[in-house]
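> Chains as they are written, first to last, in the working numbering: chain Y, 9 to 453; chain A, 9 to 453; chain P, 9 to 453.
There could be a bad hint or two in this list.
Copies of the same chain look alike in the list, so a pair counts if it works inside one copy or between any two.
As the list claims (entries may be wrong) - The calculated lysine-lysine pairs, modelled on DSS-like cross-linking and capped at a C-alpha distance of 30 Å, are:
1) Lys-310 x Lys-233
2) Lys-233 x Lys-309
3) Lys-418 x Lys-310
4) Lys-231 x Lys-310
5) Lys-233 x Lys-418
6) Lys-309 x Lys-418
7) Lys-418 x Lys-231
These are calculated hints, taken from the structure and not from any lab test.
Keep in mind it's a predicted model, so treat the numbers as computed, not measured.
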Amino acid sequence: MAGFARLVGLAGGTALADLALAAPAAAQDVAGVSPEGQYVLNTLSFLMHGFLVVWMAAGFAMLEAGLVRKRSVGTQLLKNVALYALAGIMFYLVGYNLMYAGVDGGWFGSFAVWAPSESADYAALVEDGSAYASASDWFFQMVFVATAASIVSGTLAERIRVWPFLLFTAVLTGLLYPITGAWQWGGGWLSERGFADFAGSTLVHSVGGWAALAGVLLLGPRKGKYGPGGAVQPMLGSSLPLATIGTFILWLGWFGFNGGSQLAMGTGADAAAIATIYVNTNLAAAGGVLAAMVLCEILYKKIDLTFVLNGAIAGLVSITAEPLMPAPGVAVLVGAVGGAIVVVAVPLLDRLRIDDVVGAIPAHLLAGIWGTLAVPISNGDASLAMQALGIVAIGGFIFLASLLVWAAIKATVGLRIPEEHEEAGIDQVELGMEAYPEFGPGLAH
Amino acid sequence: MAGFARLVGLAGGTALADLALAAPAAAQDVAGVSPEGQYVLNTLSFLMHGFLVVWMAAGFAMLEAGLVRKRSVGTQLLKNVALYALAGIMFYLVGYNLMYAGVDGGWFGSFAVWAPSESADYAALVEDGSAYASASDWFFQMVFVATAASIVSGTLAERIRVWPFLLFTAVLTGLLYPITGAWQWGGGWLSERGFADFAGSTLVHSVGGWAALAGVLLLGPRKGKYGPGGAVQPMLGSSLPLATIGTFILWLGWFGFNGGSQLAMGTGADAAAIATIYVNTNLAAAGGVLAAMVLCEILYKKIDLTFVLNGAIAGLVSITAEPLMPAPGVAVLVGAVGGAIVVVAVPLLDRLRIDDVVGAIPAHLLAGIWGTLAVPISNGDASLAMQALGIVAIGGFIFLASLLVWAAIKATVGLRIPEEHEEAGIDQVELGMEAYPEFGPGLAH
Amino acid sequence: MAGFARLVGLAGGTALADLALAAPAAAQDVAGVSPEGQYVLNTLSFLMHGFLVVWMAAGFAMLEAGLVRKRSVGTQLLKNVALYALAGIMFYLVGYNLMYAGVDGGWFGSFAVWAPSESADYAALVEDGSAYASASDWFFQMVFVATAASIVSGTLAERIRVWPFLLFTAVLTGLLYPITGAWQWGGGWLSERGFADFAGSTLVHSVGGWAALAGVLLLGPRKGKYGPGGAVQPMLGSSLPLATIGTFILWLGWFGFNGGSQLAMGTGADAAAIATIYVNTNLAAAGGVLAAMVLCEILYKKIDLTFVLNGAIAGLVSITAEPLMPAPGVAVLVGAVGGAIVVVAVPLLDRLRIDDVVGAIPAHLLAGIWGTLAVPISNGDASLAMQALGIVAIGGFIFLASLLVWAAIKATVGLRIPEEHEEAGIDQVELGMEAYPEFGPGLAH
């Protein structure tokens with residue numbers, strides 16, 4: 009029963025591996041799941057939760073297609089399809105083993121192409137019931153790295169060219185993300201110090217946000233976005249329905265993102281943990297929505313739907329660092345703070361002349377920091393100091409490394425489409441086609 | 009084998025709890041699933057089927073965004089995001105325990121905030137194998153109450169203001185739905201009398217429909233919808249693709265809605281029941297589609313796609329009261345009658361000057377009544393009289409209580425946007441932004 | 009351990025049934041899954057993977073709605089909803105038993121309406137643990153036949169009338185697809201000769217492609233598509249976001265399509281196989297995307313998003329004949345060839361004046377042939393000669409039979425909308441309504 013007591017009580021997020029190990033013992037008192045049964049159920053969890061996270065790639069594509077102007081929709085869609093494809097191939101060629109193979113308290117793993125290895129897993133299965141098909145784990149981790157890359161594409165929309173963007177994506181998904189991933193989830197130095205990030209508020213969402221921030225600083229704003237004297241030109245998203253279905257897709261996919269991060273479903277303790285994670289994930293998003301709505305109403309007497317959608321996302325990002333331990337009411341509040349961050353930070357970025365087209369920096373980077381700092385509220389094993397260390401270490405590395413990579417790309421092949429083409433739109437430059445050819449001229453025509 | 013014989017044979021929908029209890033005994037003859045294994049699988053069913061129902065929130069959002077005019081799309085999206093968030097929080101704060109905690113043959117449960125309680129479940133697991141994580145049950149039931157609220161938002165579209173709508177949503181999801189839910193699924197007085205509603209033709213869909221009907225009577229039609237002498241002004245939906253993807257999402261989500269309502273997946277009997285439910289659910293929707301198409305062709309020599317989409321939904325609603333017992337052919341016919349109801353009832357509502365923007369009253373309320381009355385066709389344990397009693401009791405309570413709540417809101421904060429702004433559209437009033445800012449003027453400009 | 013050795017090693021796709029039988033024996037050494045547990049998990053696999061394939065119906069609908077012109081969007085949506093409904097009913101009435109009941113090495117099964125039969129399954133469960141709910145298998149196979157029908161609708165878009173199209177759909181899903189399905193998956197003559205098609209590169213995708221090709225030859229191109237002297241009039245798709253979300257939906261659904269085709273999930277061997285299938289399926293799609301992008305860039309200096317989307321689909325179709333045996337890198341290459349086929353073949357079809365509106369023939373028929381021929385690369389039990397035999401036999405039968413059926417429909421009720429209405433668009437003829445009534449005139453107005 010110890011596993012359950014700790015589940016409901018004070019068990020830390022980092023103690024989940026212990027829980028998974030402890031559960032079979034507890035379970036045997038009540039006729040537990042057989043080792044092979046656990047293997048099947050653990051694998052199923054990775055696959056089912058993994059396909060939910062695959063779906064998030066479509067969510068980002070739709071969210072971003074809805075939030076860019078009509079003239080840029082086609083390119084934004086292309087980038088999202090291409091980055092998801094590329095992330096998978098890079099994670100297969102380099103990323104996975106760099107993140108997970110033999111990190112052993114260090115800084116990164118091995119540079120070897122990933123290959124599935126079932127027999128080893130099968131032996132482990134006999135011993136402790138915590139095994140799973142290695143391919144299912146790869147699948148689940150792969151969709152996480154794609155998520156980080158998706159975050160970048162939104163911020164830089166409408167002016168970054170396709171191939172330079174994909175070049176950065178290859179580096180991010182093959183090298184940068186796996187390295188900081190190795191520090192924590194690969195069993196590296198940060199995990200040994202007690203940093204806690206259950207499903208990636210920092211490791212995935214802030215990583216994407218830091219890479220995006222570095223990029224936008226070197227890329228600059230869209231032409232005409234910022235006028236003299238602090239004037240900000242609104243550049244409205246082309247389609248609120250697309251932005252909304254994108255958000256709903258992300259919300260749905262997040263059950264996979266957080267639920268699958270339990271990393272097992274073969275015991276009652278694991279299943280109960282996943283259920284709790286679903287509930288907290290949903291309530292945090294709900295908190296983000298309502299906080300953003302109320303703040304909008306108070307500040308503007310109108311409700312900007314894009315703030316509400318980003319409020320949902322920020323709520324989800326906020327709970328991602330610790331979706332298991334909070335009581336439901338705490339989850340609502342953690343998410344609500346995330347939603348409030350969006351409403352405050354989006355205009356702030358404009359004042360700093362940082363042109364983050366879809367609001368990804370507030371929703372993913374800032375809410376990710378908040379969520380990571382909030383872990384000690386409900387997880388007694390986490391400390392604010394260690395959380396801050398993880399945020400600074402990972403953020404510092406990703407931001408600086410990204411800045412270098414972006415600068416190298418800018419200095420060689422270049423980043424932006426030619427200024428004279430920006431008015432007509434990036435779709436004409438990169439695709440030579442329009443996203444909506446029969447729906448009348450865009451603003452630029 | 010008794011469980012299986014009854015499954016294939018004459019076992020009543022209300023006897024499913026018995027089935028779940030009987031199955032382990034039968035299963036032990038053939039090496040059954042361990043109690044902990046059942047706990048995992050039961051929990052998984054709630055989670056997997058629950059996330060399919062989460063997806064229905066997106067389905068309603070897209071369906072409604074596609075069926076309102078362009079000027080109202082943004083507000084309709086906002087309402088759907090907000091109601092889903094609010095329903096979850098209200099069900100956590102009030103609804104769940106009011107519906108399920110200690111109803112004991114009575115009228116409602118307790119007014120206590122819901123809190124997960126794993127240890128109790130775990131003890132139950134040892135005894136009879138029918139346990140599950142309490143959080144997974146909450147998650148599944150929560151998405152049901154959100155579905156009821158979604159139905160309301162479609163009917164009242166384009167003229168009801170956001171906050172009054174959400175005020176009603178809070179009452180519906182926190183109080184009204186849980187009270188009638190307690191009568192049946194909470195183990196209250198109606199369930200003791202033998203009313204049968206497997207997954208909620210009446211408890212969810214008609215409840216949403218009655219609440220919508222009460223609202224639309226007090227809200228009145230959209231300005232200009234009905235002219236003198238019975239003239240009806242067509243107000244076409246802005247996007248058939250959105251309406252169609254919304255319908256496909258609902259269709260997909262319905263496998264979760266009906267399949268998860270088996271409430272267990274830990275035995276062969278339960279898995280077989282869920283499989284049968286999937287088949288019948290799909291065939292009923294197919295029947296609804298084809299019936300609506302054929303009727304449209306006969307009556308109008310053209311096929312109105314919105315009738316076909318609502319035909320699918322009506323087919324799904326119709327089979328929801330009893331998706332397990334019918335033979336496949338019966339499921340087709342039950343759904344086909346639902347589809348026919350839509351084609352007949354949509355124009356009828358217009359003749360009554362009830363401006364149900366998306367056709368939710370025919371598809372959810374009327375098809376829900378039909379589906380509930382059709383239960384005795386395939387379920388020998390149900391009687392037409394008891395089905396009628398349940399329909400009248402639940403419908404009467406929800407309709408009258410909703411009427412009171414709507415009237416109170418109307419008398420205090422008001423329901424509608426100012427008449428002079430209705431032509432320009434609700435999005436300008438409530439959001440201050442357009443759903444498609446680059447796609448040319450709407451009709452009103 | 010034999011099952012695992014063969015899984016990782018050289019085991020043929022056609023030996024998977026053996027694997028499923030062998031696994032429980034291996035599993036018992038390490039405390040395997042009980043027979044009833046396997047029954048539940050096998051059934052769950054059919055249901056979960058089946059609902060992912062249901063989702064593909066929405067994917068085809070959105071892809072096709074995005075790739076037709078605005079004036080045809082509503083009809084294209086209607087056809088996709090209707091064909092999915094009709095396919096289910098035909099497969100229930102005729103197709104399933106024709107494909108699976110008593111084929112025994114022959115040409116087709118029985119003409120009897122399908123009825124679920126749980127008790128037989130339950131007895132089998134006792135013996136070998138490979139049983140599942142018969143309704144879950146029907147559900148999974150039904151969504152496959154709907155996929156084949158979806159392929160046809162895309163090619164023939166914008167000019168074929170609704171009812172003649174549905175008449176053909178009824179024949180395809182009730183008779184033609186089940187007959188060639190019986191040859192292989194029903195245990196007919198082709199399976200006895202060692203043809204290998206794991207999840208249907210030929211049996212589903214090429215079948216749809218052959219039926220479409222036969223149809224388009226008799227239907228002819230859209231009015232104005234081909235001018236004198238080889239001139240090709242571009243007819244751009246109305247919405248790239250819809251085409252893109254359609255592609256993402258298909259990509260997601262394909263995990264169900266290929267993963268569920270393992271036909272079992274009750275053992276560690278099966279779960280590991282499904283995980284490998286997910287990985288290969290994803291990597292093949294990624295290969296298709298990148299190959300199409302690079303080829304586009306080289307050939308045209310721009311990237312046509314529709315080529316990239318079809319590249320993803322072609323990659324998926326290519327791996328479908330053998331998603332289990334290839335090493336990950338091989339999967340990337342198999343998919344990449346599929347993506348290249350699209351870029352080369354789409355213009356080629358135009359040169360042949362075959363007006364395939366959505367590019368379904370390259371993506372499904374040609375990539376399907378490639379994928380089927382590629383099986384021996386990684387599956388030692390398959391031979392090129394047998395693969396060619398299967399392709400020719402199934403392709404020949406479906407193409408000729410389809411030609412006959414299309415000709416019969418053309419000679420009786422006719423196929424096309426009246427030529428004088430084609431400019432105004434099929435939606436006005438068939439639906440009497442527009443897909444986007446408030447978004448300005450289409451090209452034809």
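> Have a look at Lys-309 and Lys-418 and pick one of within, between, both or neither, based on CA distance no larger than 30 Å.
Result: close only across copies, 20 Å inter versus 42 Å intra.
> Given identical chains, is Lys-233 near Lys-309, meaning Cα to Cα at most 30 Å, within a copy, between copies, both, or neither?
Close inside one copy (25 Å) and across copies (29 Å); limit 30 Å.
> Within a copy, between copies, both or neither: where do Lys-418 and Lys-231 come within 30 Å Cα-Cα?
within (18 Å within a copy, 48 Å between copies)
> How would you label the pair Lys-231, Lys-310 (within, between, both, or neither) given a Cα cut-off of 30 Å?
Both: 28 Å inside a copy, 23 Å across copies.
> How do Lys-418 and Lys-310 come out at 30 Å by Cα distance, when the copy is not named: within, between, both, or neither?
Classified as between; 21 Å across copies, 40 Å inside a copy.
> When no copy is named, should Lys-310 and Lys-233 be tagged within, between, both, or neither for a Cα gap of at most 30 Å?
Close inside one copy (23 Å) and across copies (27 Å); limit 30 Å.
> With 30 Å as the alpha-carbon cut-off, assign the pair Lys-233 and Lys-418 to within, between, both or neither.
within (21 Å within a copy, 43 Å between copies)
Of the numbered hints stated above, none is contradicted by the structure.
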